[in-house]
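Residue numbers (UniProt numbering), protein chains in the order written: chain D, 1 to 198; chain Z, 1 to 201.
A few of these clues could be false.
Below, computed lysine-lysine pairings styled on DSS-like, alpha-carbon distance capped at 25 Å [what the hints assert, rightly or not]:
#	chain 1	residue 1	chain 2	residue 2
1	D	133	Z	8
2	D	37	D	111
3	Z	8	D	125
4	D	133	D	188
5	D	125	D	156
6	D	138	D	105
7	D	50	D	39
8	Z	8	Z	69
9	Z	63	D	138
Here chain Z is said to cover these stretches of chain D; the calculated rule only asks that three of the stretch's residues, wherever they fall, bring their Cβ under 8 Å from a Cβ of chain Z [what the hints assert, rightly or not]:
#	stretch
10	36 to 48
11	98 to 112
By construction, these hints were calculated from the structure, which means they are not laboratory data.
Just so it is clear, CB atoms sit at the ideal spot from N, CA and C, and this is done for glycine as well.
For reference, the chains in residue letters:
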Amino acid sequence: MSKKESSFLGMLLSLLIITVISGFSLGFVNDLTIAPKAKAKLEKKVNALKLVLPDFDNNPVEDMKLIKSEAVADSVEIYPAYLKNEFVGAAVIGTTDKGFSGLIKIMIGFKPTGEIENVVVLEQKETPGLGTKLTEDKFLQQFKGVNISTFKLKVKKDGGDVDALTGATISSRAFCDATQMAYDAFIKNNGSLIELKN
Amino acid sequence: MAEILNQKQNFLKGIIKENPIFVMLLGMCPTLGVTSSAYNGLGMGIATAFVLLMSNVAVSLVKNVIPAKVRIPAFIIIIASFVTVVEMILEAFVPFLYEQLGIFIPLIVVNCIILGRAEAFASKNNIMASILDALGMGIGFIMALTVLGAVREILGSGSLFGLKFVPDNANTFILFILPPGAFIALAYLTVLFNKLTNKTI
Numbered sequence: 001m002s003k004k005e006s007s008f009l010g011m012l013l014s015l016l017i018i019t020v021i022s023g024f025s026l027g028f029v030n031d032l033t034i035a036p037k038a039k040a041k042l043e044k045k046v047n048a049l050k051l052v053l054p055d056f057d058n059n060p061v062e063d064m065k066l067i068k069s070e071a072v073a074d075s076v077e078i079y080p081a082y083l084k085n086e087f088v089g090a091a092v093i094g095t096t097d098k099g100f101s102g103l104i105k106i107m108i109g110f111k112p113t114g115e116i117e118n119v120v121v122l123e124q125k126e127t128p129g130l131g132t133k134l135t136e137d138k139f140l141q142q143f144k145g146v147n148i149s150t151f152k153l154k155v156k157k158d159g160g161d162v163d164a165l166t167g168a169t170i171s172s173r174a175f176c177d178a179t180q181m182a183y184d185a186f187i188k189n190n191g192s193l194i195e196l197k198n
Numbered sequence: 001m002a003e004i005l006n007q008k009q010n011f012l013k014g015i016i017k018e019n020p021i022f023v024m025l026l027g028m029c030p031t032l033g034v035t036s037s038a039y040n041g042l043g044m045g046i047a048t049a050f051v052l053l054m055s056n057v058a059v060s061l062v063k064n065v066i067p068a069k070v071r072i073p074a075f076i077i078i079i080a081s082f083v084t085v086v087e088m089i090l091e092a093f094v095p096f097l098y099e100q101l102g103i104f105i106p107l108i109v110v111n112c113i114i115l116g117r118a119e120a121f122a123s124k125n126n127i128m129a130s131i132l133d134a135l136g137m138g139i140g141f142i143m144a145l146t147v148l149g150a151v152r153e154i155l156g157s158g159s160l161f162g163l164k165f166v167p168d169n170a171n172t173f174i175l176f177i178l179p180p181g182a183f184i185a186l187a188y189l190t191v192l193f194n195k196l197t198n199k200t201i
């Protein structure tokens, strides 16, 4: 009887000690990596912002606005850019879950007139070799300098102006969907963004 | 003399005679899942080999104080801790690779090579032998994943380690980047490996 009790205690203690040690060491490593992790994330965001926005001299990450939108449950992130206190454009995060494998997240830079400056894809899980081509310049090129008020944001198969990717119509449609969402959010808030800094 | 020979054997068996991928066919989930490019295969291989080495060392150190009945939960906690460490380090310092490997990093926990080595080898041998065993198995695993990734990348995207050697609009065998291509490439590589090492299947 006593033997069984002691082995039970032994099991309990050995597992307890192992979990405590592992818990503390994980906490320690987490403390070490938390700063580089945040830095890596921020760097990625800033690099994307530099790609999609015209020259700016403020810190769009600090000036970021969260806008409520009807299209998505989450609020939309808008990064306004200013040069010498003048509004030169804003980057908007467009998301959609209509991709072939779910979520697609893109960042679009708009000029104050509503023209697209540039687009980058932040996250996607599309089919390698087919849907993933939407991250390539060849596909994104067609959106540069386009004003969506005069551009039908639909693939050609659906009567729009967008050249879909071969074999990845669903991904292309989802991309249009995300772009539309970002554009709607931008147009709705364009006026308030210009006023903010002045 | 026999001791040295034995240690050499511990190290070498993981690379050829008991190669975890081509001979024992263990850990198929990450093997088939992430090897769409040579770089991904190499990254996954190194991450797994690191966890394997650390867990083999830890298991071999604590093997005498852990009651036999709870050894498996104890091994799992040790392995899971090291995997979480790897995950945090990758996210902080190699974010590109972290995104590419995605869900497969936490899944290293359930990689049967690691638990298999802990249970079958490290819990019965001293620390030196366990380190050599982990290094051998780790190198065998890295090698297999990198070769598989390279073959799939060359055929599927016409590139190697990201360096493209075909024109942009060339038609490559997209099949090889997709899941079925992983099975086909692995099967042929396994046949080739066993042929070269003179094994009858």
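- Hints violated by the structure (listed by number, smallest first): 1, 2, 3, 4, 8, 9, 11
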